[in-house]
Amino acid sequence: MTKDFNIDDISNLASIHLEEKEKLKLQKDLEIVLEHVDALKNIDVKDEKIDIHPLSKILDLREDESTPSLSHEDAMKNSPETKDGHFVVPPSIE
Amino acid sequence: MSLKPTIGMETHVELDTESKMFCSCKVVETDEPNISLCPTCLGLPGALPVPNKKAIEYIVMLSLGANCSITKEGMFHRKNYFYPDLPKNYQISQFDFPVGVEGSLEIVIEDNLHTVAIERVHMEEDTGKSIHLGSGRIDSATSTLLDFNRSGVPLVEVVTKPIISSAKMAVAYIEELRQLVIDLGISKGKLEKGNLRFDANISVAEEGSDELGVKVEIKNMNSLKSLEKAIDYEILRQTKMVQDKESIIQETRHWDENKQVTLSMRTKEGSADYRYFSDPDLPNMVINDEFIEISQNQIKETPEKKRKTLLDTGLSLSDSNYLDKGQRWLYELYLSTVKETGDCKSTFNFLTGELQGQMRKAEISELPQWVNSEKLASLINLFENNEISFTSAKDILAKLLIEDIDPKSFASDNNLIQSSDNDEIKALVTLVINENQDIVERLENPEDKLVGFLVGQVMKSSESKVNPGSVKEVLLKELFG
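The listed protein sequences derive, respectively, from chains D and C. Residue numbers for the first sequence follow our numbering, so the first one is 1 and each next one is one higher. Residue numbers for the second sequence follow our numbering, so the first one is 1 and each next one is one higher.
Every clue listed holds true.
A few chain D residues that face chain C, going by a derived Cβ cut-off under 8 Å, partial list only: (1) 13; (2) 60; (3) 64; (4) 76.
To be clear, the hints were calculated from the coordinates, so they are not data collected in a lab. All residues carry an ideal CB built from backbone N, CA and C; glycine is no exception.
Produce the entire structure from the sequences given, and follow the hints as far as they go.
Here's what the structure looks like:
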């Protein structure tokens with residue numbers, strides 16, 4: 001039932017360019033994955049407790065205290081291009 | 001065909017904490033870019049987020065203040081996208097277990113109370129700031145500069161149900177929400193600083209229909225004025241399209257402040273496109289009764305409570321709402337002054353009209369120390385009891401703003417106390433009648449406008465030292481018996 005996905009939409013959302021050959025292969029692979037997922041829908045879970053997170057540990061919170069951060073120079077070190085203290089990236093809206 | 005607009009608001013509130021949401025970097029307000037960063041808020045591999053307890057307290061306070069139920073067992077999700085303003089390529093947010101659900105806020109429009117239903121209040125992190133270089137137009141930029149100081153600052157999103165029906169109502173809702181975060185002390189609430197940022201989801205549908213029309217999201221409104229204009233514009237645009245049988249597409253549009261129009265930005269992603277999934281770095285977040293109680297105890301004031309206090313003094317709903325949304329000192333000054341005058345309307349009018357007006361004119365933003373409710377009440381009582389004229393009250397106030405005087409002593413020392421001595425008034429009235437026989441002959445009845453002119457003449461000849469009410473009484477008696 002979930003097989004009618006569009007491989008172009010998915011590659012677009014993931015920002016991955018795919019060749020036609022790759023698209024065909026991935027289309028098949030993803031159809032198999034979705035069949036497995038569909039199989040899960042047939043399991044009767046109505047009496048099961050909802051587990052909302054895979055980990056049973058409870059989240060630790062920290063106090064609202066600030067500590068020194070990276071220096072500006074260290075923070076910028078890996079950037080291929082900088083300008084006036086900013087990171088420079090290709091144009092993007094939003 | 002009659003169409004009705006439906007609006008839902010999404011508001012982001014920046015919380016006023018010392019450190020960021022998931023790391024200990026200081027929250028900074030500076031133009032110097034990229035100075036408060038660490039591996040977590042830069043999204044470097046291996047860095048792990050740890051939530052800020054104060055931010056969770058604040059969102060619980062906001063949820064309670066907006067009359068929401070608290071989700072006791074919640075969690076964080078990853079909202080995936082590829083904008084460069086968050087270098088992790090996802091934003092930590094909440095999806096199906098937001099902290100607050102199903103609340104409401106009371107809002108005031110003119111003298112009427114309305115309720116806006118709140119759908120959800122959820123916790124997330126702010127993004128970095130992007131500066132688009134090039135021609136100045138967002139869609140023809142040649143490169144984008146990024147400053148990540150804001151990346152990871154605690155952000156709460158408050159979402160209303162789609163039940164707002166006009167631009168005016170949307171503005172009143174934002175004013176109420178803004179006042180709530182200020183009164184709770186959880187955000188600076190400054191619109192011009194971006195502490196509160198809002199988007200509006202607008203659709204139009206046939207009157208009486210249960211179904212909503214196609215939703216268009218409007219962004220980039222950074223003031224209440226632009227919010228009102230953008231909503232009004234968009235309602236008109238969509239109404240015209242429906243009437244012309246054109247189909248509306250679901251999209252995001254931005255408000256162009258210069259052109260005063262909404263322009264298409266991009267086709268809106270659906271929720272599925274963000275591929276929300278639970279953040280494996282952050283286990284379940286339990287908000288227990290003790291935590292809720294601690295947060296509840298920190299709520300000292302809400303705009304709703306303040307409004308009730310003001311209504312109890314006898315003020316109208318719109319006057320109460322005016323003081324509720326104004327500066328804190330004015331609200332407090334009104335409450336302490338009205339206690340002494342016992343007259344809500346004249347106290348409200350004097351403080352919001354005369355006092356604020358004179359302060360604006362004299363460019364005083366803070367009241368001098370010696371100007372207290374006792375002195376202001378004494379001044380208000382002096383003119384309300386007709387002991388001084390309103391003109392004298394204004395002069396005394398001007399003096400009081402620059403010098404520590406006692407209004408009553410000042411009035412008597414400067415011969416400003418009006419006489420209610422009927423003999424003195426009668427003499428002045430007789431004089432004015434004799435000097436204005438031509439006018440007296442034209443008088444037809446006691447309601448004649450010329451009576452006011454004669455009262456004015458008496459006041460002038462007394463140099464405003466007599467009570468105008470008594471003058472009118474004596475004058476009418478002399479003229480009409």
